[in-house]
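Chemist: So the protein sequences, as listed, match chains A and B. Using UniProt numbering, read the first sequence as starting at 1 and increasing by one per residue. Using UniProt numbering, read the second sequence as starting at 1 and increasing by one per residue.
Hints are not guaranteed to be accurate.
For chains that are exact copies, the list does not tell them apart, and a pair is met inside one copy or across any two.
Said to hold, decoys possible - The list that follows gives simulated cross-link-like pairs (lysine to aspartate or glutamate, DMTMM-like), each with its CA atoms no further than 20 Å apart:
| no. | residue 1 | residue 2 |
| --- | --- | --- |
| 1 | Lys294 | Asp194 |
| 2 | Lys291 | Glu103 |
| 3 | Lys294 | Asp58 |
| 4 | Lys108 | Asp268 |
| 5 | Lys108 | Asp297 |
| 6 | Lys294 | Asp152 |
| 7 | Lys279 | Glu190 |
| 8 | Lys291 | Asp262 |
Hints listed in this document are in silico derivations from the structure and should not be mistaken for laboratory results. Predicted, not measured: the structure shown is a model, and the values here were computed from it.
Residues per chain are reported as follows:
Number of protein chains: 2
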Amino acid sequence: MERIYIQEVVTRDGFQMEDQFVPTERKIALIDRLSHAGVDKVEVTSFVSPKAVPNLRDAEEVMAGIERKPGVTYTALIPNVKGAERAAVCQADEVNLVVSVSETHNLKNVRRTVDESFSNFYDVADVLSGTGIQMNGTLATTFGCPFEGRMDENRVMGLINQYLALGAESITLADTTGMATPKQVYQLCEKVLDHWPGLPVTLHFHNTRGMGLANVMEGIRAGVTRFDASLGGLGGCPFAPGATGNICTEDLVHMLAFMGYDVNVNLDQLIEISKGLGKTLNHELPGQIIKAGKITDLHSTSYS
Amino acid sequence: MERIYIQEVVTRDGFQMEDQFVPTERKIALIDRLSHAGVDKVEVTSFVSPKAVPNLRDAEEVMAGIERKPGVTYTALIPNVKGAERAAVCQADEVNLVVSVSETHNLKNVRRTVDESFSNFYDVADVLSGTGIQMNGTLATTFGCPFEGRMDENRVMGLINQYLALGAESITLADTTGMATPKQVYQLCEKVLDHWPGLPVTLHFHNTRGMGLANVMEGIRAGVTRFDASLGGLGGCPFAPGATGNICTEDLVHMLAFMGYDVNVNLDQLIEISKGLGKTLNHELPGQIIKAGKITDLHSTSYS
């Protein structure tokens with residue numbers, strides 16, 4: 001069976017939404033445990049303004065403190081040239097650029113038009129030129145925007161093209177607010193991979209409307225092999241209070257592993273790390289496997 | 001796009017697990033609202049011993065009180081001849097027989113071997129003969145048993161055969177404790193429909209391990225068009241405290257409707273009924289759409 005790559009985003013996408021600041025040494029310990037459990041990539045942090053995202057104000061310390069396990073890609077989100085410079089100092093393996101497919105969402109999120117974002121990314125590319133740091137281009141709201149609704153597929157194709165033109169090596173199609181349907185995922189991914197065969201495409205899903213793992217299955221059917229997920233399903237969306245966040249890493253790995261996909265992550269370790277995260281945060285996590293156990297965790301028949 | 005049939009089980013599978021008795025008139029009002037919202041079938045209640053399931057002790061009153069909307073099938077779970085006689089008096093459209101694929105689970109659930117269950121079902125068939133009441137045969141733990149693990153596909157095929165031999169018109173493959181993976185669902189459903197083309201097969205999924213809607217998609221891909229679901233995702237499993245229960249009706253309808261499937265249910269009405277159910281029960285329901293809204297519920301851009 002196919003190799004599927006698991007990319008952990010909990011310390012970035014999960015922690016940025018938390019009510020509490022997770023202490024730096026806890027973040028570092030968590031990332032090191034995830035590396036050893038076998039995830040393929042970790043989105044360590046964001047090099048954004050500490051005022052904008054106070055929970056990630058320790059980006060430099062976290063990057064400096066983590067162990068760099070060979071074979072694991074350590075990436076960081078950056079919004080601009082300043083972020084690129086910080087990521088370069090920290091020797092991130094990759095930076096993750098983000099622009100929304102939706103003009104309205106991009107304006108709200110980064111106070112720039114989509115064109116202004118790309119113009120800025122050319123400066124980022126200049127800063128990173130020669131550093132060996134790779135660029136991943138994320139398209140937020142690829143499958144729908146909470147303000148504008150469904151996005152046009154050809155607009156998405158055009159924006160992928162713009163990312164590739166400025167030197168991005170890989171693309172993430174992000175369903176930022178959990179609006180993708182399985183059919184839509186299959187159709188778009190098939191179109192993208194038909195046009196750019198071999199392009200490393202990541203799908204980044206939120207389980208906001210319960211379709212997260214169904215969307216993963218359709219992504220795989222269309223040929224995608226890289227998925228972002230957040231330990232315990234941590235994360236969320238300001239537009240859907242009480243709804244679940246990112247798809248849950250251990251639920252994703254559980255599903256894939258029991259279907260026979262080649263996943264590098266050790267599921268038991270992942271479940272233990274997720275349970276530990278729940279204790280650290282002192283609140284329940286949306287993930288299901290930490291509550292229900294694996295399908296192979298059988299009960300004794302004396303248990304009535 | 002294909003017609004998909006939505007079969008509501010909240011007043012049976014949902015309510016039987018609740019800590020509280022839902023008043024009879026509330027059950028009746030809920031079923032009537034669901035009928036008018038357009039569900040294709042309602043599993044109204046169980047004709048079991050009131051001692052075994054006190055929450056459903058009002059089975060006769062509920063059956064007598066509900067409106068019978070033409071086109072909707074009103075079914076009731078029955079465990080034995082006594083249940084069949086009660087269902088006949090109440091003129092249920094259909095009875096739902098249940099046996100587990102797993103011997104251990106069947107012994108725990110109904111204190112009979114699988115053979116004893118089928119022997120009993122022949123007496124049930126005699127009681128119902130000539131009444132016009134249809135029989136649906138449910139196979140519990142089809143995809144896995146919390147005691148025995150994964151079930152053998154050929155054993156499932158044999159048990160379907162036994163149901164058909166005694167006169168069951170339709171079959172439900174139930175994933176009683178949420179152990180099915182999408183791949184397993186596709187493989188088994190393809191095998192069943194290859195062997196019995198045109199057999200009305202229902203899939204009954206629990207979302208215990210987050211795979212519920214992914215399993216629905218694979219069932220549809222294999223040709224299944226009938227799905228059980230529970231309003232608000234109410235339900236659960238004694239082996240997975242804190243985990244989610246049955247797949248959620250409005251989340252299911254939301255996913256299917258926005259992919260263009262022909263679903264008879266009015267999604268907006270369903271969401272309103274589910275919100276009302278949460279108020280009646282006075283606790284949060286696991287469903288996502290009641291929290292996140294539909295993908296077409298857009299936000300105003302003045303909302304920051």
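Chemist: Compare the structure with each hint and give your call.
Modeler: Evaluated hints:
Taking CA atoms no more than 20 Å apart as the test, lysine 294 paired with aspartate 194 passes in neither setting, with 36 Å inside one copy and 30 Å between copies. For the identical chains of this complex, lysine 291 and glutamate 103 are neighbours neither inside a copy (39 Å) nor across copies (26 Å), given an alpha-carbon limit of 20 Å. In this homomeric assembly, lysine 294 and aspartate 58 never come within 20 Å of each other (Cα to Cα): the closest approach is 35 Å inside a single copy and 37 Å across copies. Proximity of lysine 108 and aspartate 268 under a CA criterion of 20 Å is satisfied in neither setting, with 40 Å inside one chain copy and 29 Å between copies.
When the C-alpha separation of lysine 108 and aspartate 297 is checked against a cutoff of 20 Å, the pair qualifies only between copies, where the shortest distance is 18 Å, while the shortest distance within a copy is 45 Å. For a Cα distance limit of 20 Å, the shortest separation of lysine 294 from aspartate 152 across copies, 19 Å, qualifies, whereas the shortest one inside one copy, 39 Å, does not. Taking the closest pair of Cα atoms, lysine 279 and glutamate 190 never come within 20 Å of each other, the shortest separation being 41 Å inside a single copy and 43 Å across copies. Taking the shortest Cα distances, lysine 291 and aspartate 262 never come within 20 Å of each other, neither inside one copy (24 Å) nor across copies (35 Å).
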